[in-house]
Amino acid sequence: MLYLTYLRLELSHRLRQALFIAAGLAVGVALVITVSAVAAGASKAQASVLHGLYGIGTDMTITRPYAPGDAGPGHEVHPGEHLDYLDTNQGLFSSSAVGSIAGLPGVRSAAGVLVLQQTWTPLHGHLARTPSNPYGLPLSIPVDGVDPAAAQLGPLSGARVSSGRGLTTADADSDVALVDSGYARTHHLHPGSVITLASHRVRVVGLVSQPPGTVPDILIPIRVAQALSHFADEITTVDVAVANTADLGPVTARIKARWPWADVTTQATLGSEINGSLGETAHLAQDLGRWLAIAVLAAAFLLAALLTVTAVTRRVREFGTLKALGWPTSRITAQVLSESAVIGIAGALAGTGLGCAAAAVISGVARNLTATVAAAPGHPEPKGFIARADARTGQHFYHPLAFPGTYNSLPVHFSAPVALSVVALAIGLGIAGGLLAGALGSWRAARLRPTAALAHAG
Amino acid sequence: MYELTGVTRTYRKGGKTVAALAGVDAVIADREWLAIQGPTGHGKTTLLQLLGGLDRPTSGTVLFDGKNLGEMTESQAARLRATSIGFIFQTFNLIPTLPAAVNVELALAPLRLDAAERRKRVAGALDAVGLTDRAGHLPAELSGGEQQRAGIARALVKEPAVLLADEPTGNLDEDTRDEIIGLLARLVRDRGLTLVMVTHDSTVAARAQRVGQMRNGRLLFGEAAAGAGGQQP
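Listed in order, the protein sequences are those of chains A and B.
Okay, so the first sequence: first residue is 1 according to the numbering used here, each after it adds one.
Okay, so the second sequence: first residue is 459 according to the numbering used here, each after it adds one.
Honestly, the hints are just simulated from the structure, not real lab data.
Heads up, a few of these hints could be off.
Listed next, the stretches of chain B that the computed footprint assigns to chain A, with coverage defined by at least 3 CB atoms under 8 Å from CB atoms of chain A [claimed, not checked]:
1. 473-482
2. 487-501
3. 574-582
4. 630-643
Short, incomplete list of chain B residues facing chain A, as computed with Cβ under 10 Å [as the list claims (entries may be wrong)]:
5. T504
6. L538
7. A540
8. S542
9. L678
Yeah, the Cβ is synthetic: ideal placement off N, Cα and C, and Gly gets one too.
Taking the hints into account, I'd like the entire structure generated from these sequences.
Quick look at the structure:
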């Protein structure tokens, strides 16, 4: 076909320039794919961290900041084994708030959580010093009281049963527990094992795998937790799912209007607090990476346009001759557009390959990043230790105002997935770059007057 | 074939108005070979471009077979050039990236013929100019004479009614010039074509049936032409 022959031979003649333009477009396209992949990978990794802290399906949490004078045994330290709420940054509030919040417009569901810790405090002196507890400090493990009827929210939503069974609504008042699989492995626990919480025997019904960063080692029904800790009808957290993302703002406003003391935390709030190499990667991809990709693509477009217009200018006599032969302007502009489109397609395909390869290399090289999380709902930042002396015995107690795992670096598996939609977008951008250059060249060619073009021949 | 009445063409150049054609009246008959001579800058090429529908007169009329070229749209003029008018250029104007045969075939693209018909016509045109053996060569691989042969084949392949040649031998040596002019003369005669040729070369002009002289934008014939330094028709 004459049209294709002309196209092929013309591009072969200008191969070096065509490859140069295609290479520029390829770099821009590759950067778009790579940056998008890294950003998607960082978002995915952040989401996995947030799911561990937050619970899958939870859009916001409501807590109450602790205020001096608040009632409750929050600062008391007792010898022996007990299940305590001990948190200088949070307060307790009535579980009736759960029903009230669930009834607000825009709220799909709500569930209460009572965040506790099981503490072993020696009557005299210190606990036995061990490698994991070199100072013999009082031991504590985090225990969450959760609503078995609300498995789609909060801590239960991220817990995947790896052995035994999960909690059901029938367990609401039963002395049963789910244990984190890692904790169970360390302490040789399995479904059927019996543990003691606040000197009370509780049967393990299942082991669960939880997302990284998840705090509680033990999950028990909230009514049981309230009974064992003597915090009847009180909770520390309400986990909320909204009907639509657009409801986040209005629901937050309604909650604050009704409960002015409420501290409302959303995923966006927590997401900005993730630091470490994961945070750095996310910032790099989303800020520097995005602008770099845009700048390179814009430069590639500009270069393609300039080179194409220059090439058309050099072919003035050729186009003037074609007009003299009777070629309509539309045919000439189609020729120029086609040449540029081919270059754009070549650049887009090469860039796609390059971008996918770069994303694969990044996935392999940056396999493990760390997420440093400063806070989690119900598990605030550590504030140091409480030290008290028992006047009767002279015993000193050091009690950490932090739950293990609330402020640490979590390993996160990182990959840079390349989405088909991003590939399609990138290919489209490459072709658009070629067509834009072709359009400018075509416009230049269309404006040529045959007489001027032929006179240009000299 | 052509009827020109009071044709003028003016341009604005550097703030001044330049009259390339200052009132041309002429009739060019079918199958006539008209040579147009004259010094550079007196409007020869401008006249040729008007005859080919590449430009429009500022005033006056240029009729081609009764059709007013000045009133045609761009696409109508392109269509006319595609079917009825063949151009031959001084600098050959072959597309450097395409072999001779494809250069010739380009002239058939606007006619939307099927591939077999195009190939047949191209072969015929190349054969008529004696370039069959060099059909696959790029212009850079052809001599000046061969390139002009390819240019002539490209002009003839569409089976036009008229050939417009702008200094077709201007870039050729004497022997090649004679060869090309001889070829043109034969083809014009055998195919019954009208040929309007711009030339500086009096030897070439002498082969034409009629010679006009361009002087200051006017086309002069006969005694007026002779008085202006031209040949008698």
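Going down the list of hints, with the structure as the test:
{"no.": "1", "hint": "473-482", "verdict": "violated (count 0)"}
{"no.": "2", "hint": "487-501", "verdict": "violated (count 0)"}
{"no.": "3", "hint": "574-582", "verdict": "violated (count 1)"}
{"no.": "4", "hint": "630-643", "verdict": "violated (count 0)"}
{"no.": "5", "hint": "T504", "verdict": "holds (8 Å)"}
{"no.": "6", "hint": "L538", "verdict": "holds (8 Å)"}
{"no.": "7", "hint": "A540", "verdict": "holds (3 Å)"}
{"no.": "8", "hint": "S542", "verdict": "holds (9 Å)"}
{"no.": "9", "hint": "L678", "verdict": "violated (23 Å)"}
Hint compliance for this structure: hints 1, 2, 3, 4 and 9 are not met, and every other hint is.
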